[in-house]
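J.: Each chain is listed here by its residues.
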Amino acid sequence: MAFLNDETRVMLEDSVDKFLGAHYDFHQRRAWVEQEPGYNREHWQQFAELGWLGLPFAERHGGLGGDISDTLGLMRRFGSALVVEPYMSVVGLGGQAIALADNQDAADSLLPELVAGNAMPVLAWEESISRGNPEHLATSARRIDGGWRLEGEKVAVVGGDLASHFVVSAQAFEDDAGPVVELFLVHADELQVTGFPTMDGHRGARLTLAAVDVDDSRRLTRNGRGAEVLRQVLEQGIMMMAAEAVGAMQTLLRRTLDYTRTRRQFGVPIASFQVLQHRMVDMYIAMKNLEHLLEATASRWDQSPSHARDSALLKAQLCQSGRYVGQQAVQLHGGIGMTDELDVGHYFKRLTALGLLFGDESYHLKRAWAAL
Amino acid sequence: MAFLNDETRVMLEDSVDKFLGAHYDFHQRRAWVEQEPGYNREHWQQFAELGWLGLPFAERHGGLGGDISDTLGLMRRFGSALVVEPYMSVVGLGGQAIALADNQDAADSLLPELVAGNAMPVLAWEESISRGNPEHLATSARRIDGGWRLEGEKVAVVGGDLASHFVVSAQAFEDDAGPVVELFLVHADELQVTGFPTMDGHRGARLTLAAVDVDDSRRLTRNGRGAEVLRQVLEQGIMMMAAEAVGAMQTLLRRTLDYTRTRRQFGVPIASFQVLQHRMVDMYIAMKNLEHLLEATASRWDQSPSHARDSALLKAQLCQSGRYVGQQAVQLHGGIGMTDELDVGHYFKRLTALGLLFGDESYHLKRAWAAL
Amino acid sequence: METKSVDLQAFRQEVRAFIEQEADESIREAGRKMTSFFPPFEQCMRWHRKLHARGWSAASWPEQYGGPGWSREQKRIFEEECRIAGVPRLLPQGLGMVGPAIMKFGTDEQKRRFLPGIASGEDFWAQGYSEPNAGSDLASLACRAERRDDHYVINGSKTWTTYAHHANRMFLLVRTSNEGKPQQGISFFLIDRLDRPGLEIRPIIGLDGFPEQCDVFFDNVEVPLDCCLGEENQGWTVAKYLLEHERGGSASFAATFGMELNRIRERAAELGDGFGGIMRDDPVFQQRFTRLYLEVAALDATESRFAAMEKGSPESGPMSSMIKITAMETLQRITELAVEVEGSPTLTLQLAALTVGAGVAPEGPEQALTVMPKYLNNRAATIFGGSNEIQRNIIAKMLLG
Amino acid sequence: METKSVDLQAFRQEVRAFIEQEADESIREAGRKMTSFFPPFEQCMRWHRKLHARGWSAASWPEQYGGPGWSREQKRIFEEECRIAGVPRLLPQGLGMVGPAIMKFGTDEQKRRFLPGIASGEDFWAQGYSEPNAGSDLASLACRAERRDDHYVINGSKTWTTYAHHANRMFLLVRTSNEGKPQQGISFFLIDRLDRPGLEIRPIIGLDGFPEQCDVFFDNVEVPLDCCLGEENQGWTVAKYLLEHERGGSASFAATFGMELNRIRERAAELGDGFGGIMRDDPVFQQRFTRLYLEVAALDATESRFAAMEKGSPESGPMSSMIKITAMETLQRITELAVEVEGSPTLTLQLAALTVGAGVAPEGPEQALTVMPKYLNNRAATIFGGSNEIQRNIIAKMLLG
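Chains as they are written, first to last, in the numbering used here: chain A, 112 to 483; chain B, 112 to 483; chain C, 3 to 403; chain D, 3 to 403.
No lab work stands behind these hints: they were computed from the structure.
Don't be surprised by glycine CBs; every beta carbon is placed ideally from N, CA and C.
Check before you lean on any hint, since a few could be wrong.
[To be verified] Covered stretches of chain C, as calculated for chain B (at least 3 residues, CB under 8 Å):
1. 43 to 53
2. 323 to 336
3. 340 to 348
4. 390 to 397
[Stated by the list, open to error] Chain C residues, not near chain B, derived (Cβ > 12 Å throughout):
5. Phe13
6. Pro64
7. Asp221
8. Phe277
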């Protein structure tokens, strides 16, 4: 992988800070969220122009060839500004799945389109039985003449409402050896998409695949490598979520510090109450724990791309830290923290969603134990 | 069961308060603990004279016929004063096991001796594999001519160092139907007792039963009723422990409140720090939770003597409350709380021991789930 | 003894039959779709009026004001049957708060004017305590009323007034004097009409996307002098009485939480654990569930103790604070577990499906519908009604003297 | 690169061989029987002197004062091998605390007199900071020294001075002036002999039944004027430097805790769960264990970040407080889990079996021997060295400015 040179990296970070500072007002965000398509389409084009959509992809696909830490830097800033554009869904999950899979033709045709802001492939792996485990799925792919027939249902497809394509995981029955997990590429108009807004201002969908037939060119992985690709993509996804969470927590902590310094009760700023001070210290510690663990995980990811334990621990920490910081930010803001009008509640809800997506704390602690 | 009339009850409570107030100095206690037999033998005689040793037993055995709430009132006061005499071991466990078992002759001969302060029967049920579960044991009782041969090892026998008799649980092989749990009476000189002091100032023992032969008159239960008797005795024992813990926590909380009001740091009493105030509030809540749950459990015990769930929950609450109150009392006392010289550390250690005895929190939560 | 127990059995049957017959589908739907302390308004008030028609709306009121004259046992049975049937709890602002305050401090005229409408459900009272700059700190109230001839003029604002946008009446605390201690210049007002000029109500959208609380603004709002409950400047006494009445409450949190836990356990038996097994069989779930069950058992024991305690005894204040602390924290942990048990389907925002009577089917499992809004809304449980930090301060004061 | 990695391999072999040969059974026994931050004294100092004979005692000291001149990697390898072999950690008072302070603030004469004895292990220094009425609040120190002619006269007392009953030297903070801010009148003294008239040391028995801390009393104790490290009344500067040096430390808590966790997991594979199974297979145990494992992983990440951070940068103070908070609380939870895993055998009091060299076999399993004393002693982890409450105050100050 070609890493960004220092100059490009600084330019990138600069462009992100500038863009978000100039364009990402919380009150405008509420308007984008409430209208179709649930985000600002102009932003997406600007993301493309600024090169962000190509950040992790190879140069031959029009990308910048950045490494994971570049992506994490971006996600942290997105978390800070509560960015609602489906960057993780499209670039981090859908795009990465295609990039890591075995189908070069598909990658060559779709990734440049993604990078240009035209195609929005989204990963559809979760099912009502999976609860975080990508290898526990019921969607099936059965051989038909010259292709595959997909049947099943996918839930909680983040960004699914906006997708142009889906990368769908399925139990593929190829020979007598029993099914293996493979990935398939499906166009959004080939299956039934039930879209809905989610509580964190994003969009999601349920997909129904009732005898969706695709030809062999849509098969993205071979020899059961779908499971491995999913694992890698989700592990990267968890790092991206953690980075976003760190950014959100930084903002939340800052908001809480500012609010408690201004808000007065019993004649003094409430920041003068030791109990609240220590609460904010524990928020700080929770945030730092995730930040440091993410840093350590990302540095080891560079060295070896398989780290089931690290990523499971990271997600568990994300659940713990996100919950604590989110809940306490609301608590310390009091009533005003419970309103839709203040951004604090929206950060809290986003952290809640990040905790629930891709398996909860208990699931990941089990996964980590198994990998100790 | 004949309950105490109100007058007797008031007299009893009065006598306990008076005795402990007059005789139970913490520094003297340290001397008793460090010398043989590890408690004050004169106290034991006074306990007998004051009727305390007979409190729960029938009048025909020389007892007062008190009910569980009388015993709990006594135990609470014992907990408050950190009483080290083996009341729970002898009266609550050993004596109760004999009283609830099926062997009238044994009860008629031994209980009056216990009540008089002469005999000290102690219950030996725990084994290295049992971890709280009285039905998970390896000690065996096999039929020999006219009696039984006992083999096995008992550990953590509380008060075992001081016992005159042991009530020993064993897997009895009577017929072909497979073993059932029964209780047997063994004299202290019939088996090997390895006594030791425990970290809470009490005494314990490990018992080795290498082919201990007893005749049929020593069999205390029949038809596998040993398990049921054990259950009842341990459930009562858990209530007694909870009462003792409530008493200990009351004292600890009082000590902590007093200390923080006097101790100054940064020019003010440390009780003025809100973080410590809330910590003490949480100690209070933890104590009250146990106190209230004990009250509710005891009131239902009167109505029905089988309540596996209630007692499991009570023990789990004891573990939680005792740990929190004990740890925080030490923390809030700072360095001085870490010393042998101050009573605070001894209350903490006693609460630690009460938490560990008869199965820990995780065990009892499992037991409670199974009985929900 | 015999006769009495037969009576109670019969009473229970009577209650059950009444609920069976009178609680129609939309009332039950409102019960199912409760996502905060406060049930959906319209259906709840309709149920209130139905109960009133049967003489049962004001269960704990004295008979002279329209109470049914039930024994404690009967009240318990009535509550139990309502809980089991899942009908909405009646709103407490009138029946549990201002009503008892009027009984205790009101003039005969005030009692005559206001109590019947509360009992019948014709009126709904909003509670105006909090202000933008006085949350848990009532002593620093700024909303003020000045006497002018034969009326008061109110200026200022109130916030977190539940369902004010549905209310036709309002009780509130206003500053009527700046002399003496801050608490001494407060009066307790009863406002008989909310369509008075200068009075504006603006709903606040909550974390779940629905309005429940409101801001209320007073711009030279005129109210008659007889709107004062108790003496002028003595509103603190009324408020304190009412707070104690509210905090301890007669409602059993433990019983309600127990039902929530049952529901979670039932769902755990239906959902997988992600590894091919059933969640109910997962020992980690079991341990966490049982911990919460224990919390509820301890709360239940504390509530029993509190119920048996004399109101106004030295321990009853701290004990009611303890109940507020432990109940609200337990509630939050229960809602948290419920979210984790249902998992990612709870992320779907379902404003339409949550609206009673809209006839919109939920996306995903029906049982997951209310789980996330409950989690979000109940973050307020440790904030409103005196935050848990304030409750701990109260107990600390008692402990440290 | 090649050469260097070969060197490190060879270095590791060299360290391992040295430990293998020189760490005799009683030194290893002392390592096994550590029940607090401080290993058994005699064996630890003997190991210190053996290391010194090889030139390895002062691993992080500059070569000019007797350091071995190791790279960071070498130090890490050395520590790792020591940890794996289970030899006692060297006592920090000299090597990690007063030694570096002398290097930074000492006169040439002080360096010449004191540093060699610290490096060699000939001297042991006690630390006199805390006082009966000044625990975490050093500014209110009362132990005072007055200048009289050519010496100071010290009066007052110190407490929680670890191993003072074994020490021949002592560094302490004394008040030398009452002017200015309370912190300004404090001086940092080096006492070269503890057999001075008027100086009395009384061991304090701890919760585990052993003496580790001491009270030290000064009754007109005379010390020479040149005992002052740094300038008179500027002791706070020295103390602050030293505190930061101490708190962040170079020791990796995470690595040590990881070994403790491994030990617990091994034991869980040997012990039953009370229901016929093995504790290691109990998902409740696994979840709890993994939670702690995660805490240690996060601590490890924080320690790495801290190690790479410039000392004295604005975040390094709060970060060292964060490490103290999280490490000590994690340590306490680990000791708590260890107790529960071993269960009731940990209740046995085993003073004799815990005494290194006494040759007394433990009652019950060997692995359970140190578990309870560790739990008890480590209650102090959140008290001494600036309680966790104080550490949180420090971070709060940074956050709130």
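J.: Decide, hint by hint, whether the structure agrees.
T.: How the hints compare with the structure:
1. Using a Cβ-Cβ cut-off of 8 Å, 0 residues of the region 43 to 53 of chain C lie near chain B, which falls short of the minimum of three, so the contact claim is violated.
2. Counting residues of the region 323 to 336 of chain C whose C-beta sits closer than 8 Å to any C-beta of chain B gives 3, which meets the bar of three, so the coverage hint holds.
3. With 0 residues carrying a beta carbon less than 8 Å from a beta carbon of chain B, the region 340 to 348 of chain C misses the three-residue requirement, and the given coverage is violated.
4. With 4 residues having a beta carbon nearer than 8 Å to a beta carbon of chain B, the region 390 to 397 of chain C meets the requirement of three or more and the stated coverage holds.
5. No Cβ of chain B approaches the Cβ of Phe13 of chain C within 12 Å, the least distance being about 23 Å, so the stated non-interface status holds.
6. Listed as a non-interface residue, Pro64 of chain C keeps its Cβ farther than 12 Å from every Cβ of chain B; the least gap is roughly 30 Å.
7. At the 12 Å boundary, the C-beta of Asp221 of chain C stays outside the reach of chain B, the nearest C-beta of that chain being 38 Å off.
8. Distance check for Phe277 of chain C against chain B: the nearest CB is about 20 Å away, which clears 12 Å, and the non-interface claim stands.
The earlier numbered hints that this structure contradicts are 1, 3.
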